[in-house]
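**Student:** These protein sequence lines map, in sequence, to chains A and B. For the first sequence, counting from 1, position 8 maps to 8 in our numbering; every step adds exactly one. For the second sequence, counting from 1, position 65 maps to 1065 in our numbering; every step adds exactly one.
Honestly, the hints are just simulated from the structure, not real lab data. From a predicted model like this one, the values you see are computed outputs, not experimental measurements. It is possible that part of the hints are untrue.
Claimed, not checked - Partial list, derived from the structure: chain B residues whose beta carbon lies under 10 Å from chain A:
{"id": "1", "residue": "A1002"}
{"id": "2", "residue": "Y1048"}
{"id": "3", "residue": "V1050"}
{"id": "4", "residue": "E1072"}
{"id": "5", "residue": "A1092"}
{"id": "6", "residue": "E1105"}
Claimed, not checked - Every beta carbon over 12 Å from chain A, so not counted as near; a handful from chain B, in silico:
{"id": "7", "residue": "T1007"}
{"id": "8", "residue": "V1012"}
{"id": "9", "residue": "K1014"}
{"id": "10", "residue": "S1018"}
{"id": "11", "residue": "Y1064"}
{"id": "12", "residue": "N1065"}
{"id": "13", "residue": "R1077"}
{"id": "14", "residue": "A1082"}
{"id": "15", "residue": "Q1085"}
{"id": "16", "residue": "G1097"}
Cβ atoms here follow ideal geometry from the backbone N, Cα and C, with glycine treated the same way.
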Amino acid sequence: GIQVEQSPPDLILQEGANSTLRCNFSDSVNNLQWFHQNPWGQLINLFYIPSGTKQNGRLSATTVATERYSLLYISSSQTTDSGVYFCAVLLMDSSYKLIFGSGTRLLVRP
Amino acid sequence: NAGVTQTPKFQVLKTGQSMTLQCAQDMNHEYMSWYRQDPGMGLRLIHYSVGAGITDQGEVPNGYNVSRSTTEDFPLRLLSAAPSQTSVYFCASSYPGSGELFFGEGSRLTVL
Chain A
1 GIQVEQSPPD LILQEGANST LRCNFSDSVN NLQWFHQNPW GQLINLFYIP SGTKQNGRLS
61 ATTVATERYS LLYISSSQTT DSGVYFCAVL LMDSSYKLIF GSGTRLLVRP
Chain B
1001 NAGVTQTPKF QVLKTGQSMT LQCAQDMNHE YMSWYRQDPG MGLRLIHYSV GAGITDQGEV
1061 PNGYNVSRST TEDFPLRLLS AAPSQTSVYF CASSYPGSGE LFFGEGSRLT VL
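One chain only, chain A, in its complex shape (with noise of 0.2 Å):
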């Protein structure tokens, strides 16, 4: 089956500072999404990316979909960034079952 692999998986980063989080992709996919799942647990969907660049204010990311990769961009990190980030890409079968990352743990410290 389809491996999606997270790197690096722990990141300590200074308040203010940028930071780039990979995630490879075992077979060709025309779906990729990040999340962000906050210290309280919650999953939020970032970006919604099978292919191309798409920002949404400090935030941004890259998939090029022929080369099996995606890039999660953050820039000016703020505390409220920490979390654990998560690609995802989406079987296309009947179950629709989500295949995840392992995940890059991120602590943004002020």
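Once you have looked at the hints, place chain B on chain A.
**Tutor:** Frame of chain A; chain B shown alone:
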């Protein structure tokens, strides 16, 4: 626009008790599903439904029942709770073919 709404957010049960986790969505999504999230195990699919009257099992269905009588609602029932069902439960919905899944805020269940 409420999106996907789960209730309750927190619940403590004793072993053997039954309960229902509620999930409702107001986006007219045909597809709905339940996941559980456990430390070190990631999110695992419990049950899913591709439309009213249709349900199917995911990876870890044992101990859980579901039904889908309306497009909007997809309740998850624990018939006889066990400590192994202590977890955080997420409901999700999607429009088939869209490739994008939307999650509720989660329900944290503790079984003593």
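**Student:** Hey, does B/S1018 actually stay past 12 Å from chain A on C-beta?
**Tutor:** Per Cβ check, B/S1018 is outside 12 Å of chain A; nearest 24 Å; holds.
**Student:** Is the interface hint for B/V1050 satisfied, with its Cβ closer than 10 Å to some Cβ of chain A?
**Tutor:** holds (6 Å)
**Student:** B/R1077: least C-beta distance to chain A exceeds 12 Å?
**Tutor:** Given a closest Cβ separation of 20 Å, the condition holds.
**Student:** Checking hints one by one. Is B/A1092 an interface residue toward chain A, by the C-beta closer than 10 Å rule?
**Tutor:** holds (7 Å)
**Student:** Take a quick look at B/Y1064 and tell me if its Cβ sits farther than 12 Å from every Cβ on chain A, holds or violated.
**Tutor:** At about 15 Å from chain A, B/Y1064 clears the 12 Å cut-off, so the statement holds.
**Student:** So is B/K1014 really clear of chain A, every C-beta pair being over 12 Å apart?
**Tutor:** holds (23 Å)
**Student:** Would the non-interface assignment of B/A1082 survive a Cβ cutoff of 12 Å against chain A?
**Tutor:** Consistent with the label, B/A1082 stays out of reach of chain A, its closest Cβ about 22 Å off (over 12 Å).
**Student:** If we take the beta carbon of B/V1012, is the closest beta carbon in chain A still more than 12 Å away?
**Tutor:** Per Cβ check, B/V1012 is outside 12 Å of chain A; nearest 16 Å; holds.
**Student:** Say whether it holds or is violated: B/G1097 keeps its Cβ farther than 12 Å from all Cβ of chain A.
**Tutor:** With a cut-off of 12 Å, B/G1097 comes too close to chain A, as the shortest Cβ separation is near 8 Å.
**Student:** Answer holds if the nearest beta-carbon of chain A is closer than 10 Å to that of B/E1072; otherwise answer violated.
**Tutor:** This hint is violated: B/E1072 lies away from chain A, its Cβ roughly 18 Å from the closest one there, beyond 10 Å.
**Student:** Minimum Cβ separation between B/T1007 and chain A greater than 12 Å?
**Tutor:** Nearest chain A Cβ is 15 Å from B/T1007, so the label holds.
**Student:** Tell me if the interface restraint on B/Y1048 is satisfied: Cβ within less than 10 Å of some Cβ in chain A.
**Tutor:** OK, holds: B/Y1048 within 10 Å of chain A, min 6 Å.
Hints 1, 4, 16 from the list above are not met by this structure, while the remaining hints are.
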